[in-house]
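K.L.:
So you can see what is in the structure, the chains are spelled out below.
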Amino acid sequence: MDFAQFYAESKDVCLRAVLVGVGDLDTAQDLVDEAFARAWASWRKVRSHPAPQAWVVRVALNAGVSAWRRAPRERPVAGDGMAGLPDTAGVDLGDGIVAGDIMAALKRLPLRQRQVVAFRVFLDMDTANAARALGMAPGTVRAHLARAIATLRHEFAIEERG
Amino acid sequence: MNDNDMVQLMREPFEHVHAATALSAVVRQGRALRRRRCLARWGGVVTLGAVGALAVTLLPNGSPDAVSLAAWAVAERPHHVIVVNVRELRDPGGLQRMLRADGVPATVRFNGQSPPRCLFYPGTPSQIFSLTKNIFYSAWAPNGATFTIDTTAIPDHVGLWLTVSPVRTATGNGGTSTVSFSGSEALVYASGHCP
Chain A
861 MDFAQFYAES KDVCLRAVLV GVGDLDTAQD LVDEAFARAW ASWRKVRSHP
911 APQAWVVRVA LNAGVSAWRR APRERPVAGD GMAGLPDTAG VDLGDGIVAG
961 DIMAALKRLP LRQRQVVAFR VFLDMDTANA ARALGMAPGT VRAHLARAIA
1011 TLRHEFAIEE RG
Chain B
54 MNDNDMVQLM REPFEHVHAA TALSAVVRQG RALRRRRCLA RWGGVVTLGA
104 VGALAVTLLP NGSPDAVSLA AWAVAERPHH VIVVNVRELR DPGGLQRMLR
154 ADGVPATVRF NGQSPPRCLF YPGTPSQIFS LTKNIFYSAW APNGATFTID
204 TTAIPDHVGL WLTVSPVRTA TGNGGTSTVS FSGSEALVYA SGHCP
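For the record, the sequence lines run as chains A and B.
Just so you know, the first sequence maps onto residues 861 to 1022 in the working numbering.
Just so you know, the second sequence maps onto residues 54 to 248 in the working numbering.
Rather than coming from a laboratory, the hints here were simulated on the basis of the structure.
The model shown is predicted, which means the values in this text are computed figures rather than measured ones.
C-beta atoms are modelled at their ideal positions from N, C-alpha and C, and glycine is treated no differently.
Treat the hints with caution; some may be incorrect.
[Unchecked claim] Short derived list, chain B residues pointing at chain A, Cβ under 7 Å:
hint : residue
1    : MET63
2    : THR74
3    : VAL211
The shape of chain B in the complex, shown without the other chains (with noise of 0.2 Å):
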């Protein structure tokens, strides 16, 4: 046999292979890709902005009162994908009234407090982290601040944990100081045992 021979007597075992995915799924795989392309954007400007106007506001000659911002934001997106983007430590029981009502399963707490009469909700770390990857969409949430949540993807009876505190940095003799969120989160039992 000569070399075209060899290749031919390679590739002939592989004739009847045949890739069973059909167009649509893959084209709804690419939509998700994109779908998630654009959140990660869309975040990473949200976060960008809200750290910035904190820096603003919190220089010792600004103008405070040029900034004005609700202390955090909930944003529905497109596919059941819920943005919430934290500015200021305020009214943590808002913001929990607010995602329940938008079918998220959220207890929030502020200032890292723990889950004051939560159970988390049981299961092996691998499972825990599976169940933790598909819900929120970690690679845009850098700083913590915003937590991109696919409600499609919470099963029943789990519920989020949220918690966000500030991180604060202190530079030189100005006086100037920044201050960046630092947000965790966590799998609970969705109801029954969180206040």
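Chain A on its own, in the form it takes in the complex (with noise of 0.2 Å):
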């Protein structure tokens, strides 16, 4: 696969991926396009890798906290909703949840479990996978999906079926 195609392909899942982990869509985007010029440049390794698009999202999170690490009085301020996001946080998803709550809602998660959130649900690795990228072990990364996942139906009285 040459670059072009692996971007065209990722771009989207790992902009939304690193966008949970720091819910502001600016930094996500920056800090993105900061980690896909890294792959850019170490192409040959990145090719190779056994999951570019979590190295990608791994690159641009580690960025993330060093960046917030280096300068925490630039740390955006906690809001109830994520930053620079386009006009679709009225949408209805159903039962009366708003796409703007639900995005919300995973803002408030604990960093691991935004982490979690990140690599399991919008990339779509399995635990093993997952884990490796984390740097966890299985049952650390089964753990914080379940409490993401608790939280959320706590939040909107969601009730767990099946």
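Take the two lone chains, each set in its own frame, and fit them into one complex as the hints suggest.
P.N.:
So this is what it looks like as structure tokens:
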């Protein structure tokens, strides 16, 4: 696969995964651009990586954490919803649940849970690969995802079935 | 809802989110990154070579005639990047003339002299830090003897003040000493205030 094809197929999914991790669209776009630029500069290595999309998202999220450590005062103020999104926050997803509320609930999750959601839900990775990419035990990944889902169920009073 | 429904519920609000950056912009950013890595490697090799050569010339029983290097070198790299490597503290005026001829509004002094009639460029510390970071690739000037300058990042009216001083280290009774250089840079007005 060449880089152009990889970029075309991966840019949206990687952006969404990083957006869940950082909670701000502009920041997520900057981090993803930087991560893809690094992927381009090291394409031979990244191409042979077992999960190149996970590589990009991991690099972007790590860069986000580093930037936050370097300049904590510049960290965006936590708001209720995710900043900078297209005007779709009011879309009704059924059962009275609005898209913007789901985004806001995801943003309120603890960092590690958001990272697990990014890899398991948005990159659609299985538990073993997500655990490898995040440097966690598979059981920890399962636990974080279960807690994230439980939090959403509780917030939106969604009954568990099957 | 089962877990799969919950996963779908999380995904759905983000389906309208699309990356806005064109492939060409990412590739351009990647090229800049690769260029910096190359320069870092290149700068490191030149610096190590210069320090090594100086150590040889200063050995008491060495053969200094065998080593003949220019006091400094100015190399033009792709994308308007200039690399200055100082090996000996001689002829700062010549280095200054050469840099200005290459379009770098530089004022050069050796041995830690202060800018004689230069006015430091005004700005808050963070503005100056940001400007300096863009102009000088600090990552690959570990001993200060190498300045890597992105000439496209120098704004109008900004001049570069470059100064290099020796740092000597004497070791033991054998009389062997090594010399490295400590360099520093500052931003000054480009003209009218610096000789």
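K.L.:
All hints are to be evaluated individually against the structure, with a verdict given for each.
P.N.:
Evaluated hints:
1. MET63: holds, 5 Å
2. THR74: holds, 5 Å
3. VAL211: violated, 24 Å
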